[in-house]
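K.L.:
In case you want the letters, here they are:
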Amino acid sequence: MARTAVDADRLRRALVPIVGERRLSQRESDLASYGRDMWPRALIGIRSGQLPPDRPHVVVWPESEREVAAIVRVAREMAVPIVPYGGGSGVCGGAVPILGGITVDLKRMNELSSVDRDEMTCDVEAGMNGERFERELNRRGYTLGHFPSSIYCSTVGGWLACRAAGQMSTKYGKIEDRVAGLTVVTGRGDVIHTDGPVRAQRGPNWTQLVVGSEGTLGIITSARLRLSPTPELRVLRGFEVESVAHGVEAIRRVMQRGLRPAVVRLYDEIDTFISHAPLFGSKRTAGRGDEGPVTTDGLRLAPVPGPAQGALPHIPPREQGVPSDHGGGPGAIARLIGTLGGGDTARRLGARLKRDAIAAAMSRPRLLNSLAAPLAERVSRRGCRMIIGLEGSRIRTGVEARLVFDELERAGAVDQGEEPGREWFEHRYAVSYKMSPAFRAGLFVDTMEVAATWERLMDLYHAVKQAIAQHAVVMAHFSHAYSEGCSIYFTFTARAEPVAAAQRAYDSIWRDALAAASRAGGTISHHHGIGLLKGPAMAAEHREAMTLLRGLKASLDPDGILNPGKLGLPASLGAGRAADGDEAAAR
Amino acid sequence: MSAVVAGLGGDLGGALEAIVGPLNVRRPPSALARRFAVDGASPGGEIAYLVQPGSPSEVAEILTLAGRVGAAIVPVGSGTRATAPSPHAAALAGRPRLFVDSRRMCHVLHLDETSLVVHVQAGLTALALERIVAPRGLSLGDFPPQVLGSTIGGLLSVRTPGKSSPRHGFIEEAVLGVSAVLADGRTVHTRVAPRRASGPDLARALCGSEGTLGFLTAAVLRLHRRPEARFLAAHALPSFDDALAAVRLALREEAAPAALRVYDAAEAHAHLGADVFPTGNDEQAVIVVATAGPTDLAACDRDLVASAAAAMGGTELDERLAELWWKRRTGQERGTALPAPALQVTASPKRQSAVYRAVRVACAGLGVGLRAHASRFEADGAVLFFTLVGPSGAALVGDELVRARGMAEAAASAAGAVLLGTENEELELYTRELRERLDPAGILNPGL
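Read top to bottom, the protein sequences are chains F and H. Note that numbering that gives the first Met the number 0 gives residue 566 to position 567 of the first sequence, counting from 1, and the numbers run on in steps of one. Note that numbering that gives the first Met the number 0 gives residue 314 to position 315 of the second sequence, counting from 1, and the numbers run on in steps of one.
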């Protein structure tokens with residue numbers, strides 16, 4: 000990718016009057032830091048000591064939408080690309096400045112401007128950190144209900160830019176369901192506001208057209224978001240189902256009865272085994288019986304959450320181990336490393352031997368997956384783990400919880416009591432901080448989140464799993480359920496050396512998995528977004544409807560300066576003006 | 000039927016007949032032609048056809064033809080829209096008009112009973128769809144029956160706040176995907192998924208755009224199981240403000256009624272009978288509510304509304320009042336025909352009382368009587384419906400209505416209401432640019 004030819008000094012001189020010397024940097028260390036986000040492909044290189052290949056010409060930290068607008072106008076005049084940057088926690092390369100240019104870090108725009116108790120909305124700046132935002136709301140008696148596993152290191156603007164989902168989205172919805180309006184600086188340098196009652200307005204729904212645009216159509220500077228009161232009651236349960244298919248059917252029945260649990264997580268056999276093995280057997284009894292009040296109908300309830308208790312646990316110390324890990328995902332991979340390495344034995348034998356054992360195993364993913372088959376068979380006799388949680392107002396949540404649990408039991412799910420749910424709840428963020436050990440062990444780990452209607456869901460599960468299993472060890476859980484379908488979250492790990500070979504392997508996994516998802520009728524992303532990673536699959540995802548996206552680009556960013564190369568749009572300036580079918584030429 | 004059009008090398012009617020067959024091309028009804036007639040021109044003197052394509056490929060051919068001859072495409076559904084904005088005459092001057100009626104595209108393409116999703120062509124009315132899915136225990140949702148007479152295309156193309164319910168949200172939220180023919184004849188299908196993060200929700204460019212960005216040919220919609228139980232209740236509240244506060248309280252407690260309406264005293268008398276209140280008081284209000292779903296949850300929602308009403312000083316009314324309301328709402332019983340409200344506005348929770356009072360004050364200043372009710376409660380507020388009446392109690396008509404409505408609109412707007420069909424002026428440029436990009440020849444509903 001050709002870096003844009005920019006006179007860096009001239010660019011600096013143009014930007015200093017807007018943000019001053021102190022909120023602008025061209026230091027090499029800053030440029031390198033802003034050359035990447037948490038896209039695992041880049042981490043493969045970093046693991047081996049390589050610096051990110053892409054970097055901006057300058058990083059700026061604006062403090063107001065007026066400053067952002069002025070920066071965009073400078074970029075437009077000088078034909079320089081702009082990449083908006085929040086927490087840098089994206090996993091698809093959405094913040095990678097492939098053509099250089101200006102990286103606009105919005106983290107100094109971090110105020111919760113207002114909370115309107117009558118309207119149940121708040122106005123918040125895009126750069127506000129997710130954890131801080133939620134805690135501020137909790138202090139006022141509200142919650143956004145949005146709990147992505149990246150909440151400690153992501154921003155509100157980042158959530159909106161990539162259509163994020165939180166762990167309790169089944170009740171509260173994804174971020175696009177919580178947004179009432181946006182303030183956006185367009186590629187023309189204008190500030191626009193998209194709020195207002197959509198149902199009374201004419202024309203396109205601009206809020207929903209900017210949400211998910213990953214900085215390619217505008218820079219979101221603030222948002223009006225819908226709030227809920229902090230829950231008076233939270234109920235968590237574990238269930239066991241005979242198989243993934245049985246679990247999927249049970250969830251479908253709950254959702255289509257019009258019931259809305261906040262948390263729905265169904266782990267496939269491998270994920271169940273790796274994440275929850277200690278809970279099988281001796282502890283397969285309902286509840287510990289020593290926690291939480293019992294209602295008159297026998298429903299065991301978790302202690303009431305609230306501002307004092309905190310809706311968020313505190314961030315775990317760096318790479319701190321947790322007693323058991325019930326989140327699946329990368330945490331399960333870390334656990335798998337321990338298993339493959341022999342746990343305590345391996346530790347005694349030394350780190351090098353452990354690394355070699357893992358390397359040998361992970362270099363043969365097909366073999367490992369085939370060895371996993373008898374294991375899976377053994378596991379499947381024990382069933383799959385499901386975590387269900389409800390929260391909200393005391394009366395309605397209590398009634399709904401009873402209905403949900405009854406429906407699950409009618410569908411054959413076996414109640415495992417409160418403990419599995421509580422364990423998941425307590426450690427639900429720990430899993431996101433466990434990738435480093437895996438990368439240090441010479442592996443790469445990534446996750447893929449797809450979604451489909453119930454009719455296609457199991458086909459999607461098998462197709463994607465099979466595609467990934469050709470290259471990597473793979474497991475999955477189902478979460479974020481809707482009345483018409485569900486999301487599947489695959490976690491995979493593999494090993495290859497050197498860096499180039501690992502990146503080729505990584506690319507092969509994604510190429511095959513994305514193609515499998517499209518063929519099976521699923522969407523290629525449920526909540527991580529597209530970035531650079533999935534751009535090549537956008538044509539298959541949207542086909543002729545890409546015309547609409549290109550139309551939006553031409554309207555909002557006619558010079559194509561905003562985050563070029565993302566969302567499958569051309570990786571060149573002037574993309575906004577390119578006619579349909581001109582992408583190849585623009586590249 | 001023929002009219003020679005420059006650039007066609009033949010007659011337009013013949014070309015259309017070649018696409019859709021002679022039985023599906025005719026002169027438009029005079030009322031339709033009049034609405035789109037250029038000022039001063041006789042409707043009959045302009046080239047205009049009503050065309051009824053039977054498939055998206057026929058729509059594509061018609062649009063391609065229109066692009067070639069510079070004709071204006073005006074999508075037509077079942078014609079239920081009460082107040083349609085008039086197009087700017089200049090955009091239509093000298094152009095043939097093709098009224099494209101989608102009602103031959105009226106098939107259910109796929110009913111996925113596992114996912115509760117239906118893929119339906121745009122020309123089927125929502126009511127017809129309800130009749131098709133009802134025997135299977137399914138429904139589009141708790142939407143007011145009066146909006147279901149629209150075609151699916153009309154339902155999605157034109158926004159009105161009535162297309163929403165507290166339990167199932169706004170109708171556009173039921174859209175999992177749409178198909179549309181663009182001005183250049185290309186057909187697009189937006190990706191169908193429960194939710195996605197593969198860029199913006201492109202279907203939201205087409206919904207609400209009144210056929211100006213593409214001609215909707217099909218939609219994939221979420222369905223719901225018909226409720227296991229339904230409960231009805233009515234409550235008298237000391238005032239309209241108290242009733243609105245009770246509704247806010249109930250919704251805050253997460254009650255999700257299927258339908259809920261707040262009448263002021265005059266509207267309650269008109270709709271529910273003169274003896275609705277046990278004791279007379281012109282300031283009183285009535286809440287009628289229907290809850291639905293699993294029996295325990297529907298009962299819980301009913302009780303939450305009752306508790307909220309009681310907390311605001313309300314008393315429970317005879318359940319038969321709620322039954323009367325429900326039967327009329329669902330068309331099971333016809334009451335006295337009442338004139339359509341003169342004014343509908345959307346108001347956020349904080350503004351509803353102020354808007355109601357402002358309109359009352361404005362009407363009182365004009366010596367005009369007022370009846371009002373609020374319904375379609377959703378996260379962004381509710382819709383307030385106002386009927387303006389003369390001294391005899393009859394609804395205003397003619398110039399008197401126009402003048403009073405203008406004053407009422409101004410008062411509502413000043414108090415923070417959003418008028419139906421509002422456009423965000425900040426976004427006009429972007430909408431225009433998008434339109435020019437997708438339809439450079441300006442054939443799709445020009446003038447709107």
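Just to be clear, a hint being listed does not mean it is correct.
Residues from chain H shown here face chain F by an in silico Cβ test under 8 Å; the list is partial [what the hints assert, rightly or not]: (1) 110; (2) 111; (3) 113; (4) 190; (5) 192; (6) 432.
If you're looking for bench data, these hints aren't it; they were derived computationally from the structure. By construction, the Cβ of each residue, glycine as well, lies at the ideal position given by its N, Cα and C atoms.
K.L.:
For every hint, state whether the structure bears it out.
P.N.:
Structure-based check of each hint:
1. A hinted interface residue such as residue 110(H) counts as satisfied when its beta carbon comes closer than 8 Å to some beta carbon of chain F; here the least separation is about 11 Å, so the hint is violated.
2. Interface hint status for residue 111(H): upheld, as the beta-carbon distance to the closest one in chain F is roughly 5 Å, under 8 Å.
3. Taking 8 Å as the C-beta contact cut-off toward chain F, the hint placing residue 113(H) at the interface holds, the least distance being around 4 Å.
4. Restraint check, residue 190(H) versus chain F: the minimum CB separation of about 6 Å is within 8 Å; hint holds.
5. Hint on residue 192(H) holds. Least Cβ distance to chain F is approximately 4 Å, under the 8 Å limit.
6. Taking 8 Å as the C-beta contact cut-off toward chain F, the hint placing residue 432(H) at the interface holds, the least distance being around 4 Å.
When held up to the earlier numbered hints, the structure conflicts with hint 1 and nothing else.
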